[in-house]
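S.K.: Here's the letter readout for the chains.
There are 4 protein chains.
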Amino acid sequence: MIYLNCDYSDGVHPNILEKLIKTNDYQTGVYGFDSFSEIAKKQIKDLCNNQDLDIYFISGGTQTNVIAISAALMHYQAVISADTGHINTHECGAVENSGHKILTLPNHDGKLIPSDIKAMIKAHHIQGMSKIHDVQPKMVYISNSTEFGTIYSKKEIEELYNVCKELNLFLYIDGARLGYALSAENNDLDLEFIASHCDMFYIGGTKLGAMYGEALVVINPELRVDFQYNLKLRGALLAKGRFLGIQFSELFKDDLYFKLAKHANYLSTKLRKALVERGYKLTINSPTNLTFVVMSQDKLDELSKEFAFETMSQYDENQKVIRIATGWNTKEEYIDKLIEKL
Amino acid sequence: MIYLNCDYSDGVHPNILEKLIKTNDYQTGVYGFDSFSEIAKKQIKDLCNNQDLDIYFISGGTQTNVIAISAALMHYQAVISADTGHINTHECGAVENSGHKILTLPNHDGKLIPSDIKAMIKAHHIQGMSKIHDVQPKMVYISNSTEFGTIYSKKEIEELYNVCKELNLFLYIDGARLGYALSAENNDLDLEFIASHCDMFYIGGTKLGAMYGEALVVINPELRVDFQYNLKLRGALLAKGRFLGIQFSELFKDDLYFKLAKHANYLSTKLRKALVERGYKLTINSPTNLTFVVMSQDKLDELSKEFAFETMSQYDENQKVIRIATGWNTKEEYIDKLIEKL
Amino acid sequence: MIYLNCDYSDGVHPNILEKLIKTNDYQTGVYGFDSFSEIAKKQIKDLCNNQDLDIYFISGGTQTNVIAISAALMHYQAVISADTGHINTHECGAVENSGHKILTLPNHDGKLIPSDIKAMIKAHHIQGMSKIHDVQPKMVYISNSTEFGTIYSKKEIEELYNVCKELNLFLYIDGARLGYALSAENNDLDLEFIASHCDMFYIGGTKLGAMYGEALVVINPELRVDFQYNLKLRGALLAKGRFLGIQFSELFKDDLYFKLAKHANYLSTKLRKALVERGYKLTINSPTNLTFVVMSQDKLDELSKEFAFETMSQYDENQKVIRIATGWNTKEEYIDKLIEKL
Amino acid sequence: MIYLNCDYSDGVHPNILEKLIKTNDYQTGVYGFDSFSEIAKKQIKDLCNNQDLDIYFISGGTQTNVIAISAALMHYQAVISADTGHINTHECGAVENSGHKILTLPNHDGKLIPSDIKAMIKAHHIQGMSKIHDVQPKMVYISNSTEFGTIYSKKEIEELYNVCKELNLFLYIDGARLGYALSAENNDLDLEFIASHCDMFYIGGTKLGAMYGEALVVINPELRVDFQYNLKLRGALLAKGRFLGIQFSELFKDDLYFKLAKHANYLSTKLRKALVERGYKLTINSPTNLTFVVMSQDKLDELSKEFAFETMSQYDENQKVIRIATGWNTKEEYIDKLIEKL
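Protein chains in written order, with the UniProt record's numbering: chain A, 1 to 342; chain B, 1 to 342; chain C, 1 to 342; chain D, 1 to 342.
Note that these hints are calculated values from the structure, not bench results. Computed from a prediction, not measured in an experiment: that's the story for all the values here. Hints are all accurate, no fakes.
Selected chain A positions facing chain D (in silico; Cβ < 8 Å):
| hint | residue |
| --- | --- |
| 1 | Phe33 |
| 2 | Ser70 |
| 3 | His75 |
| 4 | Tyr76 |
| 5 | Gly99 |
| 6 | Met129 |
| 7 | Ile132 |
| 8 | His133 |
| 9 | Asp226 |
| 10 | Tyr229 |
| 11 | Asn230 |
| 12 | Lys232 |
Each residue gets a CB set at the ideal place from its N, CA and C atoms; glycine is no exception.
Next up, chain A with everything else stripped away, as it sits in the complex (with noise of 0.2 Å):
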């Protein structure tokens, strides 16, 4: 069986197997205070182009988001995610049960758009003393790239990220798949644009080429003071630390972290015009690892017995929209190989 379904069916990649290796019989600090976290740390800070800000290191990403919306609100505060967004649709109320609500807009292609930000807040504070009954919008959440695959331009997040300080609002960007974003065709975006247009955001390991891990980097010195809490709180601090920054200083070394989300792109890509030369319809418009493809039953019962997809939705009585994804590890003979059988 092929698993294209998910981008983290692979293991990891050799360079990190070689590092733990390596380095496996040294005793080192704990709880993420030791040299390796170190020079991961400042691998991103550098990549950033900004020695002033914070980096954590946390297992996976629904526990990232939490750590970071959870940290930045009130009881009070509210975060606004589009509809599609990965903390509404799959996290199990992971935030609502950190006790805080999330306000959805419509999604445009899996984004949030500043004119739907700027109406809600305007609703919001046009009531005046009775917007207490309200709960308080205090963040908002993008992915990028999102649970679509789309990505964001330059323009886009910096219009929101004005909009965010026009209205008070922190601007925090999940960056689960944010390699196959920052490596997409058209993407004009790069860590240091990223650092310098938000108030938090995370790297994300898990999906392309760690074992485990992201990296989540605190921008915002209001955020900053006394963040670590937040990481033990919500049971995040590994005590081995040291393996996350292994992971991290390997795939942030000579660009592999970007190399391998290229792979990955490519191989989407040309899956996805084989797929339109062939006749099937896209959902949607993805430039990078993930492909929403409309199949027929019959076509993806015949499919399923070598390839592995995620189902998402009934298409119409007789089609369903499936999502093919690419990964590190994906072999290019997998995909030319589905290619051939469509």
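We have chain A already, so just place chains B, C and D on it with the hints.
M.R.: Only chains B, C and D this time, still in chain A's reference frame:
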């Protein structure tokens, strides 16, 4: 510097690394639905001599405790712990943050005794309808080995469990250091006995040879319904769950887990003997891998040039209580060198 | 200024005041254990024709909703509500703050319909093991009358309840305005029917003649166990509980509660007739004490010199939707005066 | 039966009832935006000799405590309380349910002392980076009068407040029985002093003549921002807020609040004198309306035919500690009768 301050300064056991390398190219199911996790679960079930229980692998101890405790309690229920319990002193209020009060009882060498629990429950229920002003005690939390390195006997566990059943309380055992406990000289417990004398417990991997990971064993059928949602809710459902499975399947192959613990216990026992012979005062009679000893500031300063210890408290004006920990990879020559310098 | 913006601008019904005076010198039991509370509970049980249910008096509606909802849900469970539901729009995220996500469905004139619920539950369970990434739906929340003044029929409630039982969901009815609903012209519900077709509901006092107070009726035996802890936990257990009992015992003496509602409904119906006759557009066909009407800004400015309304939204460039509410103490002359000025 | 078990068995002060009757026909603004609430707030501000503070009226004490404490704390912060503090012993874990740990210190006749607080904070910060494993102490909670009826002096409050400022902690005073404290014989505090020596406090109405209601005074500007959302979030924003305003405006007219307290204190002092004269042992030296006395089971049985007391604990095999409370409406003849029977 030789790190003897804790049992998680070392790397990961080579068997695990080897297995990681050997299986790295596999594609597998995700979120714990993979064959390695299945194997590890089977091994644990066999050791428990009970196939009818659920096992979840979680990245760290605090997260495991919060999941186990909050999953079992209604909003108005509390967990009983020794005042020295890890959940009460070293988890940044994580249990309370999940909404539940910790009711503390005085520890007896780190342990709880049945009569204290009985008295607390009696005091609650004697109030009749007024008891609703108090939080309702519903679970007992103990750790084995304890934060002081002490262990429970069969008789003690049996009495605690009987009291819990009599009083309609869940018994939960934090086994962050369970391997050390079950491998101690005077221990008469084993996994089978534990799995039949509590409602939930966990087996710690992080402190005994793993990179990360704890195995939560849920026994009581009442607690097993829909349990897995709790993992996702707390951000604990790792996408690449196979790596947890691989670690535990290696640890429980050929009793490796217990062999590693025995090694650490042996070194600590050797050290304690040497300390006592040289007139040092041990503040607690631990049979496992943690040693608590009174040391003059001068001696501590001298030794600290080569060895890292954990300072626990000021003993008197000139002396401190320090904790010395051995682990799976502590070299005997380290302990010999330390003994020499005492 | 004549206040028609809401149904809680007025004082308390004189019968209640008289009873307060008459009983003021009594000393009574506290926290709801007093004879007045017992009498009020008996009256409600009689009206429900069911002695086997529990009743709790709580000071306000948001608190009641949070208590009812959080008491019924495990940490990972969610409540389903119309997007216009009070818990979703006007409670400052209180339900989420108690840890539970609100899953919204589109409203149909403020109401939920069974097929939408069925589709949501089906979509959850069709995911198999992957459903744990979603929060688990476990309760349905409706309000009667709704936030739009509309009411449910016997048939509608019955169908909703059957769906809930089939799908293993609790049905909870927010009755902040239950009196108005049960006294509406085309209503075919009564307390007995409601008490046998849901798991919990509350009868609103604040919006219908009381100073403060809602009566939460807990029917499902599964939910009744230890329920009262939830009140104390949420700070809702008033020390001088007798005053809640006195209010409800007066409201349910000689059908006063329903007579007051009929009066308010009558005035609103009269007003709506006049509005329609004069060509005003009603945005919703409410049979109860709330009227939603489109009004030009000019007209609104003119009327606002004498009358207070609630502005709901901008209808078009020059018109707004306003809410006009009548209450237990609204004088017919007020409505006549308003009609005259329309 | 004469109820001396608590200070909330009695009705409401007649002045309040009269005012309710006189103002019942008024229509007013809602949710606390009414002229009566404005008047009451002004009276309290005048008594505090500070116009620059915010006042919120809330229905009960537990709710007030949760609002005050949770509003001031970040998710990872804790409140320090005496082990006997109301929040720690009689609020069903409400503070923990809001997500915050209560760190307890030993009580000194129900009170906290600065040196204990200093030692706790020092112990936290001495850990350096390891302090993140502990919850962060951020607020000190005291009650005045305490749960034992004891009171703080100016000097004691001043020292506590100075320590709090020095250590960057908020000081919050639970004044459920503040009237009794400020009216005690040796008291040297007044509202002005309190309002300038803490960050928040509340003035209890329920236990001193009101039907329901506590006045939360928020002083620290840092805590005042957007504070009112917290009320709504906790279900504490009563729709008919005017009734809270009416009660407090009556209580603070012509010092009624303090006169009522003096009456209760006088009766308790008279009782204590009689108890001591007859050889009864008082377990605490309370100057306010609560008396704690050792009584044989036989005597208690005899008196319980006519008087209701609160049993606190078993003193020895044959004796109990009971609490006797006087209130605003306790008749002197009741106390005389009790004294006679001692």
